[in-house]
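Number of protein chains: 2
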Amino acid sequence: MLIVQKYGGSSVATLELMEAIANRITKTKETGAKLVVVLSAQGDTTNKLMGLANSANPTGSKRERDMLLSIGEQQSIALMALILQRMGHGAKSLTGRQAGIFTTSRHGDARIKQIKTERIAKELDEGNIVLVAGFQGESEFGDITTLGRGGSDTTAVALAAALNADKCEIYTDVAGVYSADPRIVADAVKLPEISYNEMVELSSMGAKVLEKRSVGLAKKYGVPLWVLSSHGDEEGTVIKEECSVEGIFVSGVVANKNIARISVSGIKDQPGVWFKIFNTMNQSDIAIDFVYQTKHAGGTKDISFIVDINRLDDAKKAIEANAHKITHAAITHDTDMAKVSAVSTGMATNPGVPSLMFEALFDAGINIDSVSTSEIRVSVLINKEHADRAAQVIHKKFQDEKYIRG
Amino acid sequence: MLIVQKYGGSSVATLELMEAIANRITKTKETGAKLVVVLSAQGDTTNKLMGLANSANPTGSKRERDMLLSIGEQQSIALMALILQRMGHGAKSLTGRQAGIFTTSRHGDARIKQIKTERIAKELDEGNIVLVAGFQGESEFGDITTLGRGGSDTTAVALAAALNADKCEIYTDVAGVYSADPRIVADAVKLPEISYNEMVELSSMGAKVLEKRSVGLAKKYGVPLWVLSSHGDEEGTVIKEECSVEGIFVSGVVANKNIARISVSGIKDQPGVWFKIFNTMNQSDIAIDFVYQTKHAGGTKDISFIVDINRLDDAKKAIEANAHKITHAAITHDTDMAKVSAVSTGMATNPGVPSLMFEALFDAGINIDSVSTSEIRVSVLINKEHADRAAQVIHKKFQDEKYIRG
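Protein sequence lines, in the order shown, are assigned to chains A and B.
Be aware that the first sequence starts at 1, since it is given in the working numbering, and climbs by one per residue.
Be aware that the second sequence starts at 1, since it is given in the working numbering, and climbs by one per residue.
Some hints here could point you the wrong way.
No more than 25 Å apart at the CA atoms, straight line, and that leaves these computed lysine-lysine pairs for DSS-like [to be verified]:
# : chain 1 : residue 1 : chain 2 : residue 2
1 : A       : Lys122    : B       : Lys122
2 : A       : Lys62     : B       : Lys122
3 : A       : Lys48     : B       : Lys48
Which chain B residues face chain A? A few, computed with CB under 7 Å, are given here [stated by the list, open to error]:
# : residue
4 : Ile71
5 : Leu79
6 : Ser284
These are calculated hints, taken from the structure and not from any lab test.
Every residue, glycine too, gets a C-beta built ideally from N, C-alpha and C.
Start from the sequences and build out the full structure, keeping to the hints where you can.
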């Protein structure tokens, strides 16, 4: 049995918390399993280091920022190795590079290209618990890179895939994947299982439990992925290819308030404008959603779309920088919107999910600005102030209709 | 012109101090020189990390301690690169490994085996200021090592040697090498120059300005070594092979209170006992000094010697562990002693230096416990409470006799 575990920053924020995690690691090790543990930086270390970097130079090279940020995880793994050694276990910490994680040289948002597992395999064979620094790797130039958002989850899943691990366990502050955010929807239930595809959609729609990228990677390599609480001993949620329960079930309802709508207005209606806007966003690696256009009598049109609120400035800058390609009159934006989504694999063959969702919103008197769907997801754009209530009434409607498992 | 500079931890303790150092680096860079800058960890970072390591595990593996300690220098170089970039300079930070520094695998006290300069040379050719993390390298197993005490000085000198630099500048809190510690001896003068050999003796005797190891390395490779203030613009001290001034000059008077005397008593007087004690100390890498023996009527003898007070426990443990080889009755120690030394290359041919030293101590009524000499150094062991006064009266005597330059 080979298990890859990942613990996030809040689970290792202090030596006392690390001690508790070390006990958990030890328990797994004592079952006889080979164990690779990926750690994030302690608590708010990464934010503090970012603050330092910004104080030194708000626009410095990303290479140097990666050099700085990567020390947080290095601290975590070294301390955990020392704690495990004190508990009588062989333990070795490995930086991203030492763990054989080689990436593109896109600093701050690098992609894993290859994992050379020799060193990890050697340490496991010698009976060591292997602690790997999450979120980091090495570029072809021998430079330290970081993997961007959710990077430690990605490290864990990629290692599980490369090592052909029996499972990859992601330990978090919550006990698993819920049918909605329990802080907003009191009746939300923990799902025993969910498919990769549903989880990708939930993550894309703003569920914070897992970053979409790590789920996509798990799907690609068929890594059985568990989401578990780092505190209790509850069963978590397993994310896998196909789920055993048949029927129309909704995996989750997600309200995402961290969005902004950008409108590019007064565009001359000529071929290629769509392409140019999408291409501009794509080159800046900005995901867009809810795209629609409004045509005006004078031959011009407006194009609107949704971006993550954290990318609003980047998106506006990217469009301005390409203004010569996209003749337009004005760029405006709006941060008063929220996106509420429901994800269900059953949706493809059954229109029940969207119609129940619209009904719940209608009953609650919440106006829908626009709708966007995929094969397994329906999303509505509404006013931000109604977001939580929308999630509540939609979730309740699904529960009343037995569309939520458990 | 290729210059290697090194700045210590107190010079880079805060972003404000780093800014001042960055201005100094920039000034050198603007003379057209190629510039490699070695940095220590900020302020008391290394001590804090050691404290963390000890909290996690006071007896954990040195490999993991090195993994933890090495992040301090990585933080310094990344921040300095960001600051220099903000000032409009190309700057790249390199970890020990990236700088091509390969060491033995003796964690915590590794020795540099080889420096592969390709990466540094490439960055210099591209016009970058290269910032190298001091105190660290990589072992043949791909693990991060640290170089032990004075490690960043050693990094700087070793890089200067490998790069065939025109000079190696060590920036410190003091303006150069003084004829005595100015905090104790008010009349101490800054030396314009000093030979490698004298500096090695001064460092060995307890002068803190440079670690003996880095001076020895500079001597081995003929690296012109400067000690300068990181604050002012004063001329510093150059350390080189031969000094231009002829005559009997004393380079320095050093009082070292950080020593302990160990006595192994009741040893059976049989062949090999000396060898066994020295060999035991040598294998534990503990330098010893002031060795002497006392023979007793019953055929036993006592052997006493001096060690650094920080190595006292290690030394006692090492002897205990080898007790079966060294039949003895008791180990005792004494921490009330101090060693006061005078270093002078002229001493070899002129006995004036020791006799002036003894005279000064006699005049001051300070009793000498024992004496030890080398070709260019004389040391006395005295009671610790008289150490500062001894340094003062000896230095004054040399000054009165014009044995101190300047």
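Against which earlier hints does the structure fall short, listed by number upward? When the structure is compared with the hints, numbers 1 and 6 turn out to be violated.
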